[in-house]
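Given the coordinates of chain A, work out where chain B should sit on it, guided by the hints.
The chain contents come next:
Protein chains: 2
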Amino acid sequence: MNNIEKVKTLIIDEPLKLDCGQTISNFPLAYETYGTLNEKKDNAILVFHALSGDQFVTGTNPITNKSGWWSYLVGPGKAIDTNKFFIICANVIGGCMGSYGPSSIDQKTNKTIGTNFPVITINDMVNAQYNLLNFFKIDKLFSVTGGSMGGMQALQFVANFPDKTKTAIPIACTASHSAQNIALNELGRQAIMADKNWNNGNYFNTESSPNNGLAVARMAAHITYLSKKSLEDKFGRKLQERDSLKFSFDADFQIESYLRHQGNAFVDRFDANSYLYITRAMDYFDLIKQYKGNLSNAFKNSKTKFFIISFTSDWLYPTLENKEVVIALNAAGANVGFIEINSDKGHDSFLLDVPDFLSSVRNFLEANY
Amino acid sequence: MNNIEKVKTLIIDEPLKLDCGQTISNFPLAYETYGTLNEKKDNAILVFHALSGDQFVTGTNPITNKSGWWSYLVGPGKAIDTNKFFIICANVIGGCMGSYGPSSIDQKTNKTIGTNFPVITINDMVNAQYNLLNFFKIDKLFSVTGGSMGGMQALQFVANFPDKTKTAIPIACTASHSAQNIALNELGRQAIMADKNWNNGNYFNTESSPNNGLAVARMAAHITYLSKKSLEDKFGRKLQERDSLKFSFDADFQIESYLRHQGNAFVDRFDANSYLYITRAMDYFDLIKQYKGNLSNAFKNSKTKFFIISFTSDWLYPTLENKEVVIALNAAGANVGFIEINSDKGHDSFLLDVPDFLSSVRNFLEANY
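Chains as they are written, first to last, in numbering that gives the first Met the number 0: chain A, 0 to 368; chain B, 0 to 368.
It is possible that some hints are incorrect.
Since the list can't tell identical chains apart, any single copy or any two copies may satisfy a pair.
[What the hints assert, rightly or not] Within a straight-line C-alpha distance of at most 30 Å, the following computed DSS-like cross-link-like pairs (lysine-lysine) qualify:
1. 228 - 65
2. 245 - 110
3. 245 - 16
4. 322 - 228
5. 110 - 195
6. 40 - 16
Hints were generated in silico from the structure; no laboratory data involved.
Next up, chain A with everything else stripped away, as it sits in the complex (with noise of 0.2 Å):
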C-alpha cells in the first residue's frame, strides 16, 4: 500500500447515514476514470469493483504494478469501450486504496482506524459512491455494472436510484448472500483474527501486520474462485519442480506452490481490516429482506434495462441465484435480459478472457447505446 497518496480522491462533504446509524462525512474516495465524458453526458459507465478489487479497471494499476482487474472487458476497442465510453470506478468504504476505511488515519488520535470504523453495507458503499454523478455533473448513467460483489452492488445502485441509469448489467452475483458464502467469508475473518499479529485490528502501531491470516484467508477465497474442473484442467496432480514427491510439507503440487504464491502476493496489495469490513458487507446484503421479502418491490420503479450474466460453473454465484433476480425483474414487469455463459473457469470467468461473455457485454452495450 505505498504511494497511496498518488491516487485521485474526491472529498466527500454531504453527510452520508449509514446503515449501523452512525453518520459519517468529509471522507476521501478514492476513484479512476477512463475515456471521455462526452457533451451530452450520457455516455458515462460506472464500474462496481468486487472484494478484492480497486478502482485501477484497466490499463497498468499504480499501486501494484500490474494490469487492471477488468482488462479483458474494459479499454479501447474492448467490450466496454473507453473510445467510446466514460468509464468511473471508485474504491468502496471500508477499501484500502484510498477510499475512506479502517486504514485511514483518524486526525485525531493521529493512528489508523482499525476496528473502531463502522461496519459497513453494500448499500451504505453504493450511497457514498452515488456522489460521483453530482461530482461529474451527470444526471443519468449509460450503465452501471460489475461482477460478484460489484454485481449486488449494481442491483442496489437501481434499487436506491431508479432514474439514474438507462441499463445494468449485475454479473455472477446474487440478491441475498448464501449460507454457504457467509461460512467461506466467516472463514476468512477467523483466519485473520485468529493471526496473533491482527491484535483486534490496532496492527497499525506494531511492526507486524497479520499477514498469515491474511494470506490463508486468500487461499480460501482463491479456492472457490475456481471451479473444481478448472484447477483440474490447470494443475491436476503435477509436481512444482521436481519429478517424484518428496515426503514432506513442502509444496510438493503445484496447484500447493500457486495457492501458497496468491496468499502472499495478497498480504502486499491488501489491508487484512479491510477484508474483515467489506466480506462483512456482503455477508449483510440482502436485498430480499430489504424489500420485506419480496425483491421484485427493489425495482418496480425502474426503467432501467437490465442484462443478468451467470456462469455455468460458478459455484459461489451460481446461475439459479441469478436467475432469482431475473425472475424478480420479470415479476417487477422490467426490461430484463439474461444470459449464463458456457465456462469450465468458476466464478474467475468474469475476470477471465471468456469469449462468450465478452461478446455478450459488448452487444448489449452497443444495442443500447
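For chain B alone, kept in the frame of chain A given last:
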C-alpha cells in the same frame, strides 16, 4: 487427548517399510472391536476411519464421551449389525488416538516426535492395519469398508491383499486425490502452519498448541463436508440469538456460530500435527499412478466383490470420481455393484441418517454373508 492410555493398543513388532523409505517397528496401533468373532472367523469387517475419525466407530467414545462417528450405520441391529458381525477399527498411523503418530513420545528424547515423524501414505496406513488380521488370526475378512479417506484405504487394502477380504464397500471416495481436494487440504495445513504456536511442529514443549490454526483448518473442512443446499436448509441467513444485525464481527448468523463451535470443539480432541500428516497422506493418494496409469491393474487379481457408493450432493468426492473406480473394476473383470444415493447432505451423508444409504449397506452385507 486425556485418558489416551485407556485405549486398547497392539504393538506391531514386525518392521514396516514405509513409502518414504524409512522402516518403523515396535510401534503402537490403537484399535477397538465391536461384536464377537465367530468360530469360523468369517464374520470380521475391518472399518477404516476418515481424516478426523478414530477407532471408536459406535457406542460412546471413551475419550470424547460423544457417540462414535458411525453410530448410524454400526451397532446391534443396525446396517452393519454387531450382533452378527465382528467389527475391527484401528486408529491410523499418523493419528492421535493412541496409534504411532507425531504426538507419540520419542523414547530417546522423552519429547513428542512432532514433525520428526515420517510422512506416511494411505498405503502405509493399510499395511500397518494388516497386522490386525494376524493378531485376530483371521485368514480372510468378510468385508472392508469406510467413507472418504476410509474408502481410499478400502481400495488400497484390496489392491495390496487381493485374497484377504470377501467383499469391499468403498464409500464417497476416489482413486486419486483431485487438485481441488489437494488445494483444500493445503489450505488447512497453511492455517495450522500460520499459527505462531505451531513452531515447526514442536509445540508440546511449550504451554500452548496451535489451536487457532487447527480450528480454522477444521472450519474450512467442515464447509466442504456439507452441500450448498444443506447449508441453506439448515442455516440460511438465520441470526444467532438476536432479532437484527449487530453491525460487529461477532457471530451474527447461526452458520458463523456453528462453524466457530466446530472449530473450537475439534482442538480438544485432535492434534494439529496429525492433521498435517493425515491430509498429506490423502493428497499423496493416487492408486492410478501406483499402477502405472491403469487403475484396473490394481484389482486384476482380486476375487473381492465390490459395492461402490456415492452421494448426489457430495462435491468433495463426487459420483464422477467414484464411477472411475467402478469403470476400472469392470475393466478388470471384477464383481462390482454401484449405487449413487440421492442425498442433499453433501459429503457428510456417509456419516448421517440417510435411510437409502443405510439400507443399501445392510442389503449388500446380508445378501453376501
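Status of the hints after comparison with the structure:
1. 228 - 65: Within. Shortest intra-copy distance 27 Å satisfies the 30 Å Cα cut-off; inter-copy 38 Å does not.
2. 245 - 110: between (46 Å within a copy, 25 Å between copies)
3. 245 - 16: between (57 Å within a copy, 17 Å between copies)
4. 322 - 228: For residue 322 and residue 228, the Cα distance is within 30 Å both inside one copy (23 Å) and across copies (16 Å).
5. 110 - 195: Both. Shortest intra-copy (20 Å) and inter-copy (26 Å) distances satisfy the 30 Å Cα cut-off.
6. 40 - 16: within (28 Å within a copy, 76 Å between copies)
Hint check: no violations occur; every hint is consistent with the structure.
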